[in-house]
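A.B. asks: Produce the complete structure using the sequences and hints provided.
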Amino acid sequence: MNDKIVLLDEMGNEKEFQVLATFGLNEMDYAVLLPLDDINELTYILRIEYDDQSQPILVGIDDDEELEDVIEVYEEIRKEKLQ
Numbered sequence: 003m004n005d006k007i008v009l010l011d012e013m014g015n016e017k018e019f020q021v022l023a024t025f026g027l028n029e030m031d032y033a034v035l036l037p038l039d040d041i042n043e044l045t046y047i048l049r050i051e052y053d054d055q056s057q058p059i060l061v062g063i064d065d066d067e068e069l070e071d072v073i074e075v076y077e078e079i080r081k082e083k084l085q
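Using our numbering, you'd call the opening residue of the sequence shown number 3 and step up by one each time.
It should be emphasised that the hints constitute simulated quantities derived from the structure, not laboratory data.
Any given hint might turn out to be false.
Claimed, not checked - Each computed DSBU-like pair below joins lysine-lysine, with the alpha-carbon atoms no more than 30 Å apart:
| # | residue 1 | residue 2 |
| --- | --- | --- |
| 1 | Lys81 | Lys17 |
| 2 | Lys81 | Lys6 |
| 3 | Lys17 | Lys6 |
| 4 | Lys83 | Lys17 |
| 5 | Lys6 | Lys83 |
C.D. replies: Here's what the structure looks like:
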């Protein structure tokens with residue numbers, strides 16, 4: 003997957019990300035993003051939700067258990083890609 007997206011940070015500055023993966027878990031969708039301006043920065047995992055016009059919105063994951071489950075699934079996906 004070579005999709006790239008531009009998001010706004012907390013200060014309203016544009017940041018470009020590469021979408022490393024998208025996947026579903028427990029009837030929710032998630033996106034894994036890597037910032038392109040600093041390869042040493044952390045990978046982001048965000049929940050994909052939809053607004054009233056069915057447009058996707060990326061939302062942070064506040065629930066620790068949900069985040070742990072999502073990380074575990076993503077790590078499995080990465081292992082499968084390496085095989």
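A.B. asks: It remains to establish, for every hint, whether it holds in the given structure.
C.D. replies: Structure-based check of all given hints:
Taken as a hint, the Lys81 and Lys17 pair is honoured in the structure, with Cα atoms around 28 Å apart against an allowance of 30 Å. Between the alpha carbons of Lys81 and Lys6 the distance comes to roughly 22 Å, so the proposed pair stays at or under 30 Å and holds. At most 30 Å may separate the alpha-carbon atoms for a hinted pair to count; Lys17 and Lys6 meet this at roughly 10 Å. The hinted pair formed by Lys83 and Lys17 meets the criterion: a straight-line CA distance of about 27 Å does not exceed 30 Å.
Proposed proximity of Lys6 and Lys83 is supported: the alpha carbons are some 20 Å apart, at most 30 Å.
The structure meets every hint from the earlier list without exception.
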